[in-house]
Amino acid sequence: MREMIKMVVVLTVLSTLSGGLLAAIQSSTQERIDSQVLKFVKGPAIQKILEGATNNPVSDRFAVPVGEEEKNFFVGVYEGKPEVVAFETKGSGYGGDVGVMVAVNVKTGKIHGVSVTTHNETPGVGARVETHEDFKKQFKGVPIGTETKVKKDGGEITAMSGATLTSRAVCTAVRRAGDLYGKLEPQIKEKLSTFSG
Amino acid sequence: MAKTLAQEFSKGLWEELPPFRLVLGLCPTLAVTKSVENGLGMGIATTFVLVCSNLLVSLLRNVIPAKIRIACYIIIIATFVTVVELLMQAYAYPLYLELGIFIPLIVVNCIVLGRAEAFASKNTPVYSVADGLGIGVGFTLSLGALGAVREVLGEGTFYGMQVFGSSFEPFTFMVEAPGAFVCLGLMLCLINLAGNR
Chain A
2 MREMIKMVVV
12 LTVLSTLSGG
22 LLAAIQSSTQ
32 ERIDSQVLKF
42 VKGPAIQKIL
52 EGATNNPVSD
62 RFAVPVGEEE
72 KNFFVGVYEG
82 KPEVVAFETK
92 GSGYGGDVGV
102 MVAVNVKTGK
112 IHGVSVTTHN
122 ETPGVGARVE
132 THEDFKKQFK
142 GVPIGTETKV
152 KKDGGEITAM
162 SGATLTSRAV
172 CTAVRRAGDL
182 YGKLEPQIKE
192 KLSTFSG
Chain B
11 MAKTLAQEFS
21 KGLWEELPPF
31 RLVLGLCPTL
41 AVTKSVENGL
51 GMGIATTFVL
61 VCSNLLVSLL
71 RNVIPAKIRI
81 ACYIIIIATF
91 VTVVELLMQA
101 YAYPLYLELG
111 IFIPLIVVNC
121 IVLGRAEAFA
131 SKNTPVYSVA
141 DGLGIGVGFT
151 LSLGALGAVR
161 EVLGEGTFYG
171 MQVFGSSFEP
181 FTFMVEAPGA
191 FVCLGLMLCL
201 INLAGNR
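Top line first, the protein sequences correspond to chains A and B. Taking this note's numbering, the leading residue of the first sequence gets 2, the next gets one more, and so forth. Taking this note's numbering, the leading residue of the second sequence gets 11, the next gets one more, and so forth.
By construction, these hints were calculated from the structure, which means they are not laboratory data. Errors might be hidden in some of the hints.
Stated by the list, open to error - Capping the alpha-carbon separation at 25 Å, the derived lysine to any residue pairs in SDA-like fashion look like this:
(1) Lys111/A with Glu186/A
(2) Lys91/A with Leu107/B
(3) Lys40/A with Leu105/B
(4) Lys108/A with Glu80/A
(5) Lys77/B with Val9/A
(6) Lys91/A with Pro104/B
(7) Lys72/A with Ser29/A
(8) Lys40/A with Glu134/A
(9) Lys7/A with Arg71/B
(10) Lys132/B with Ile78/B
(11) Lys40/A with Gly97/A
(12) Lys77/B with Glu4/A
(13) Lys132/B with Met8/A
(14) Lys91/A with Asp154/A
(15) Lys77/B with Val11/A
(16) Lys82/A with Gly44/A
(17) Lys7/A with Ala88/B
(18) Lys7/A with Ile80/B
(19) Lys13/B with Phe58/B
(20) Lys40/A with Glu47/B
(21) Lys40/A with Leu107/B
(22) Lys40/A with Tyr103/B
(23) Lys7/A with Pro135/B
(24) Lys91/A with Glu108/B
(25) Lys150/A with Gly183/A
(26) Lys91/A with Glu148/A
(27) Lys150/A with Ser162/A
(28) Lys141/A with Glu186/A
(29) Lys49/A with Ala100/B
(30) Lys21/B with Leu198/B
Only chain A is shown next, with the shape it has when bound in the complex:
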């Protein structure tokens, strides 16, 4: 009996201490990790979909509160006018969430482009979404808020062959972007007007 108690106590104490240590390190590195992700993962994705913008979309950003969190919006300036905002949404794919950066032209209400940020999809199958430009091009020019779906589900988007789940995840993320944009449109436009070209 005494041995039993000792085992339980040792394991409990050890786990508690480990948990505490990890929580401390997690909270002290969180900010740095976020900035690294912004620099190495989201940054390139933003640069790619806002190609041709005359400003630096990664540093020109604003935040809008959504529920309890804040959502970052990245601004693209074209021909002197801040017209495009890019923001990230998620759809659930084959290996967890697929992060999709969706850029919307505020004036026309159409999608300017989509790009994938973080994912855990199978290499060579779902992971092709990173480089599969023909797939992502289909979203360009689609009015934001459209029910984007793959053809199998009765929509307009041709899925990547063999990667229906990943294609669906991107469609879901774009739909969610539509919902979010619909909800926040006034705030986004207001914040955008403070950016001069």
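Since the structure of chain A is already known, use the hints to place chain B on it.
Frame of chain A, contents of chain B only:
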């Protein structure tokens, strides 16, 4: 047969050189040694985990009940692996992207658990740290060497620098998975030849 501190350290560099003499820890050895940088990065991460877990296991060796020692070791090792993962995300994000899943997999690296069970649980903290450091440095150098051979042959570069003229046709096979086996086999063969003399 008490060994000196220096002997405990140096045995990891030749006598018990992990991938080549003990043929342990082959999963990361084969998977991440596409380049010198990846190999060294993986080695350093593993060394950190080895030294910290050896130290802690050794300090707690009289507290941990024998029946649940493996569970305790795994908690300790997993904690330090997560620490490494967080720190790498915060300070070496590109390397983290390259190594990906193989960082969390250090938890199941049999070298780490092997040293905890076979050495640290029976020796004093100072000796355990020397042992962990020796094995870790040996592992790092082995991965670096394997990475160097594969990178030079497969990419024509060393640590990202061009070593051959532009006329060199890279032997791409070497940086792919089968090349890892061939390369490891040849190096094992050479090291055994040298060791048997």
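Exercise for review: Please write out, lowest number first, the hints stated earlier that are contradicted by the structure.
Suggested key: Hint check: nothing fails, all pass.
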